[in-house]
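A.B. asks: Modelling step: build the complete structure from the supplied sequences, incorporating the hints.
Here the protein sequences line up with chains A and B, keeping their order. To convert, note that position 41 of the first sequence is 41 in the working numbering; the numbers rise steadily by one, no gaps. To convert, note that position 178 of the second sequence is 1178 in the working numbering; the numbers rise steadily by one, no gaps.
Honestly, the hints are just simulated from the structure, not real lab data. Among these hints, one or two may not hold up.
[Claimed, not checked] Have a look at the derived ranges for each label pair, beta carbon to beta carbon:
1) Lys1173/B x Glu204/A: 18 to 28 angstroms
2) Ala214/A x Glu1288/B: 52 to 62 angstroms
3) Ser345/A x Gln1086/B: 51 to 61 angstroms
4) Glu1095/B x Tyr184/A: 45 to 55 angstroms
5) Gly308/A x Asn1343/B: 51 to 61 angstroms
6) Ser84/A x Glu1288/B: 48 to 58 angstroms
7) Leu91/A x Ile1202/B: 46 to 56 angstroms
8) Thr222/A x Asn1343/B: 42 to 52 angstroms
9) Thr1222/B x Tyr184/A: 30 to 40 angstroms
We treat Cβ as the ideally placed atom computed from N, Cα and C, and that holds for glycine.
Protein chains: 2
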Amino acid sequence: MSKEGRKYDILYTIVREYIKTAEPVGSRTIEKKGGLGISSATIRNEMSDLEDLGFLIQPHASAGRIPSEKAYRMYVDQFIDSFSEQNGLALKIREQYSHYFAELNEAVRKAAEILTKITSYTALVSMPEISSLGVREVRFVLIEGDRILFIIITNESTVKNAEMRLSFSPTAKQLEKAANFLNYYIKGSTDPITMANFGARIGELKSAEQKIIAETVPAINTILNADIKTRVYADGLTEILNYPEFQDVSKAKLFIEAMHQQELLACLLASAMESESGTPVDIKIGKEVEIDGLTECSVLTATYKLNGKPLGTIGLIGPTRMDYSKCTIAIKTMSTELSRHINISMGGRIEDG
Amino acid sequence: MSKEGRKYDILYTIVREYIKTAEPVGSRTIEKKGGLGISSATIRNEMSDLEDLGFLIQPHASAGRIPSEKAYRMYVDQFIDSFSEQNGLALKIREQYSHYFAELNEAVRKAAEILTKITSYTALVSMPEISSLGVREVRFVLIEGDRILFIIITNESTVKNAEMRLSFSPTAKQLEKAANFLNYYIKGSTDPITMANFGARIGELKSAEQKIIAETVPAINTILNADIKTRVYADGLTEILNYPEFQDVSKAKLFIEAMHQQELLACLLASAMESESGTPVDIKIGKEVEIDGLTECSVLTATYKLNGKPLGTIGLIGPTRMDYSKCTIAIKTMSTELSRHINISMGGRIEDG
DNA sequence: GTTAGCACTCGATTGATTCGAGTGCTAACG
DNA sequence: CGTTAGCACTCGAATCAATCGAGTGCTAAC
Chain A
1 MSKEGRKYDI
11 LYTIVREYIK
21 TAEPVGSRTI
31 EKKGGLGISS
41 ATIRNEMSDL
51 EDLGFLIQPH
61 ASAGRIPSEK
71 AYRMYVDQFI
81 DSFSEQNGLA
91 LKIREQYSHY
101 FAELNEAVRK
111 AAEILTKITS
121 YTALVSMPEI
131 SSLGVREVRF
141 VLIEGDRILF
151 IIITNESTVK
161 NAEMRLSFSP
171 TAKQLEKAAN
181 FLNYYIKGST
191 DPITMANFGA
201 RIGELKSAEQ
211 KIIAETVPAI
221 NTILNADIKT
231 RVYADGLTEI
241 LNYPEFQDVS
251 KAKLFIEAMH
261 QQELLACLLA
271 SAMESESGTP
281 VDIKIGKEVE
291 IDGLTECSVL
301 TATYKLNGKP
311 LGTIGLIGPT
321 RMDYSKCTIA
331 IKTMSTELSR
341 HINISMGGRI
351 EDG
Chain B
1001 MSKEGRKYDI
1011 LYTIVREYIK
1021 TAEPVGSRTI
1031 EKKGGLGISS
1041 ATIRNEMSDL
1051 EDLGFLIQPH
1061 ASAGRIPSEK
1071 AYRMYVDQFI
1081 DSFSEQNGLA
1091 LKIREQYSHY
1101 FAELNEAVRK
1111 AAEILTKITS
1121 YTALVSMPEI
1131 SSLGVREVRF
1141 VLIEGDRILF
1151 IIITNESTVK
1161 NAEMRLSFSP
1171 TAKQLEKAAN
1181 FLNYYIKGST
1191 DPITMANFGA
1201 RIGELKSAEQ
1211 KIIAETVPAI
1221 NTILNADIKT
1231 RVYADGLTEI
1241 LNYPEFQDVS
1251 KAKLFIEAMH
1261 QQELLACLLA
1271 SAMESESGTP
1281 VDIKIGKEVE
1291 IDGLTECSVL
1301 TATYKLNGKP
1311 LGTIGLIGPT
1321 RMDYSKCTIA
1331 IKTMSTELSR
1341 HINISMGGRI
1351 EDG
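C.D. replies: Laid out in C-alpha cells, this is it:
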C-alpha cells in the first residue's frame, strides 16, 4: 500500500463512517473501525493533510471531521463501478416489481414507489415524453361551435388531450376528414409535424379542412413540446424529514417546496438524461445539483429505455451524506427492470404495428 | 352586560388574542387589551371558572391560558355570521380571480392558489365529480386488436379516458355504431348508465355492437364512480411550516403525509359537502376533523355550485388556532366567485345544449 | 361583588462548572 | 524519517444552581 493510498483509505473510511452515523468522525474512531493498523496520531496527521487538500471539514476545533462535497465526489468516482449488491437488494426490487402494468405511466409510478420504499429516500421519475413515443393517431372531437378537443394517442397508448378554439365552426365531418388526412401522414412519426409534410396532397382537401389542419398542427406541436417539461412525479416526499440534517424546519420547507416545482425537477432529470455518458447511473452531489433548495442534497439518476431509446429518467434524492452504494445499485436495478417491463409489454406491440 | 356575558367576553378576548400571538394569555393582558374595564384579579376569577367549564387550558401552573377546542367551537358558532370583511379581502380575491378559464379544473385550481396566497394556510379543493356533471358524449377509439380506449366528455368539456380490453377484436365501424347508440341515450344524463336504459332498441344493433355496449358500460360506470374518490388537489402544503405549532418536524411530517392521502382528503371534503346545512361555510375544529395527522388542525369548507347544484368543495386547513374570521370570509367569497365563474362560462352552455 | 396586595409556582434564562471527545504539538523510538 | 505515545489545549455539550418574571390563587379590605 503506497503512502498516498493510505491517505485515501482514511478518507474513504471517514466517508463511509459519516454516511452511516451523520456524526463528525475522529481519529480514534478510524483507528478502531478502519482496520488500517496505524495509530490515531498518524491518522491525525493524515487527516490534517486531507483537510488542507479540501477533502475534510472540521465543524469546530474540538470536533471530528466531516467529508466535503469534493470528498464524496472522489469517493463516488472511485467506487461507483465496484458498488455491489447487499442483502439481496436487487432481488427485493425484482420481487416487488413482478406484476405487469397496462399503462406506461402506472409502471413508472410504481417504480418510484418501490425505490422510495427500498431506499428511504425521495424518488423522482419523469414520465415518458410523449413526443419521443411516436404519435399513433390524432382525433378531433367537436364540442360545440368553434370549440374542439383534440386527442393524441401514442404508440404506447398514452393519451393526451386539450381543448382549443378554431377560427370558425367546423362540422364533425370536416373534422373527421382532417383527422384522417393528418393520421395518414403522421402515423408513427416522432418528428414534429410541419405543413411541409403534406406536400401538394393538401390541395385535395376542401378549404375548411385545410384550415382545420393549419390551425391544429401548431397546437398539437405545442402540446407535444409542453409535455416534456411538466411530467415529473415524486414519491416519498417526507422521507427527508427522517434525516438529522433536515430537522430544521426551514430547511425541510425549502426541500419540500423545491419538490413541488415541476419545471425545476424536470430540468434536473432532463439534464441527467442528456449527460447520459458511459455510466448507467448519473450522480450529482451538493452544489452540482444547481437548484436553490437542494444545495445540501445529492441526486442519483438513470434513464429507462424502449428498444434502446431513452424514454425518461428515474432518480433518488437525499442528503449529500446519502448511501451512494445502496442507491446506485437500487437505481441501476430499477431502471433495468423498468426498461425490461416496458419492452416486454410495449416493445412487441410496436413491432407488430 | 350580564354577568355571564362578561365571562364569555373574556373568553372571546382570549381566543382572539391567542389566535394572534400563539402565546398563552394572562389576566393582565386581557385587562389591558380587552377593554372590559375590570381588574386583572376579577378576570383571574372568571378565567378560573372558564377553566372549570372546559373552555380554557393551562399549559402549566405559572403560564397564562389557551383556548380549548370547545372554546374555538363556541367562538365560531357565536360569531360566524358576524365575521366581517377586513382590509378589502373580498375585493382582493375578486381582483385576483378576474380572468376566465376554459377548463373547469383550471378554474378550481386557481381558486386554491388564491386562497393559499391570501390566507397563508393550505388550501384544498375537490374537483367536480365527473359523475355529477352529466356525460355529453362517449367515444371509442380502436387501439389495436381487442384493446380500445374510451373517452368520456362531460357537459363542461372535462375529459376522462381509460383503456380496456374487449372479449373480441371489434372493427372501427362497430365501435362507432356502438358509441352512437350509447350517445343517443345518455346525452346529458347524470344517472348511472344501465342496460335497462336502452330497452328494446338494443335489439336493432348487430350482436358485436351489443357486446361492445354490454362490456363497456360497466367500465364507464366504474370510471365515473372511481373519479369521485381521487380528485383532490392541495396548494400551499408548506404554509403550515410557518406556524409555531408545527416547528416540530415530526408533527410537520404527519401533516404533510396526511395531505398526500387523496382518499382521506376526499372523505374530508365529501363529508363537508353532505353536511351542507344552512351556513355556507362548514367548520371542523381539531378532533372533529377525525383524521390522524390532523388532530391539531381545523378545516373550513364551502361548496361551489353550477346552477345551484353542488359540484365540489373548496377548503382551508390550518392549526386550530387559525384565523377563523379571515378564513371564513375568504372561503365564502372564493366559493361564490368560483360558482359565478362556472355559471357564466359553463352554465349558458348547458342551457344551449 | 370587586380589587389591591402578596406569597407562591414554575418554566425560562443565565452563568459557572465540569466533562469529554478530539486536536495539534513535541519528544522519543525503531 | 516515518511513526507513535504523551500531554496540553480547545471548545461544544451537559449539568446545576441561581435568578427572573409572568402569572396564579388566596385573603382581606373596600
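A.B. asks: Tell me the hint numbers this structure goes against, listed in increasing order.
C.D. replies: Result: hint 8 breaks, nothing else.
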